[in-house]
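Trainee: These are the residues of each chain, in order.
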Amino acid sequence: MNALNRREVVASLLERRGELLVVAGLGAPAWDCTAAGDHPLTFPLWGAMGSACMIGLGLALAKPARRVLVVTGDGEMLMGLGGLATIGAQRPGNLAVVVLDNERYGETGMQKTHTAYGTDLAAVARACGFATARIIRRNAEVSDVRSGIYRGKGPLFFQAKVKADALPLVLPPRDGAHLKHRFREALLGAQ
Amino acid sequence: MQGKISKSSSAEAIDWPAAIHRALKAQRVRQVSYVPDAGHKRLIELCHADKGMAAVPLTTEEEGIGLAAGAWLGGERSALLMQSSGVGNCINALSLASSCGFPLLMLVTMRGETGERNPWQVSMGQATPEALRLAGVRTLRLERAEEASAVANTAAKAAFEEQSAVALLISQQLIGVKSFEEKR
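These protein sequences, in sequence, are chains A and X.
Residue 33 in the numbering used here sits at position 33 of the first sequence; the count goes up by one each step and never skips.
Start counting at 1 in the second sequence, then tack on 191, and there's your number in the numbering used here.
Any given hint could be a false lead.
As the list claims (entries may be wrong) - A few chain X positions that, by computed beta-carbon distances, are all more than 10 Å from chain A:
#, residue
1, T250
2, E253
3, S290
4, Q317
5, A318
6, T345
What the hints assert, rightly or not - In silico lysine-lysine, BS3-like type, Cα no more than 25 Å apart, as pairs:
#, chain 1, residue 1, chain 2, residue 2
7, X, K348, X, K242
8, X, K242, A, K153
9, X, K242, X, K232
10, X, K348, X, K232
11, X, K348, A, K180
12, A, K112, A, K161
The set of hints was computed from the structure by calculation and includes no laboratory data.
Yeah, the Cβ is synthetic: ideal placement off N, Cα and C, and Gly gets one too.
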């Protein structure tokens, strides 16, 4: 049984976030990031499933002096698995990926994902060339994840085994143009 | 599998991939992602050789839609190279560009047109312009090498200055036909 609470993990990673840039995959990871505090430098997705890591890569290549964190789910990550190979080929030192792995498609009725049947996403990331790739099962390990995200040599990958809870929805803004504009204004200044 | 590529005489005379590369430079494109096509071989080489560009090989074309969105969020411009079969892989990811109004420049070498020798390329090639239109992407056509500079600049300006999703469809007549004959 997975032990970690996804909201607590994300809150720990995003408190005192400083200059961190965040991309949140669609569904529960976007709600988790919003529950930790809606922020102009978080870009939450409402669609384009499978794209979260690649948005993170484009951002990390564009802003090599900033730390970039992708927070996504196991289903979203499985849909874009090839992106791990693409990131592995670029090896951005400033990019970290945290997969909140509840082993379920949480938005569609809690059907099992491939990780419930044994797919080891961290092993995939390691094989693709990530500098660090680990499965996280205990709260005591979350501080390691945090120091990796903010200071570690990337690309880093953490697969956090979280409970398959259905938690209250905490929704970010839905207007994609607004989300894009506020992110760019906060990062780049008035355009 | 490597077939000979036969080119039209105008394509021999004018270095149209270099003209596209210059258009990308003029629009300050910094990230160029691609799934290779024989028709993009020279442009991919030019982008890899360009120290001002990050050339990013993809495992599948829709990755490039996400990459371009992330680049734009970080203040950089990105272009995406593929052949027409890859357009089908992009359809749902294109909702990212249309929902958020991200600029997008796709350079698509066409298969399934005049002289195609692989019948399996015809289906997606023929569906490509309409599929892009349905996904909210404006299409422009490049038919002749001598038009490459003007058309590529128009496409790049439409993408980045008007901030729209644009695909430049590069005619199979221009890139040549894969012959499937062994090299001798």
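Trainee: So, for every hint listed, does it hold in this structure?
Mentor: Results of checking the hints against the structure:
Not every CB of chain A is more than 10 Å from the CB of T250/X (nearest about 3 Å), against its label as outside the interface. With a least beta-carbon separation of about 7 Å from chain A, E253/X fails to lie farther than 10 Å from that chain, contradicting its non-interface assignment. The beta carbon of S290/X is not kept farther than 10 Å from every beta carbon of chain A, the shortest such distance being approximately 4 Å. Listed as a non-interface residue, Q317/X keeps its Cβ farther than 10 Å from every Cβ of chain A; the least gap is roughly 26 Å.
Listed as outside the interface, A318/X is consistent with that label: its C-beta sits roughly 21 Å from the nearest C-beta of chain A, beyond the 10 Å cut-off. The beta carbon of T345/X is kept farther than 10 Å from every beta carbon of chain A, the shortest such distance being approximately 23 Å. At roughly 22 Å between alpha-carbon atoms, K348/X and K242/X fall within 25 Å of each other, so this suggested pair holds. For the proposed pair K242/X and K153/A, the alpha carbon gap of about 23 Å is at most 25 Å, so the pair holds.
Annotation: proposed proximity of K242/X to K232/X holds, straight-line Cα distance about 18 Å (limit 25 Å). For the given pair, K348/X sits about 23 Å from K232/X by alpha-carbon distance, which is consistent with the 25 Å threshold. For a cut-off of 25 Å, the pair hint linking K348/X to K180/A stands: about 20 Å separates their Cα positions. Restraint check: the Cα-Cα separation between K112/A and K161/A comes to about 14 Å, which is no more than 25 Å; the hinted pair holds.
Consistency with the previously given hints fails for numbers 1, 2, 3, ordered from lowest to highest.
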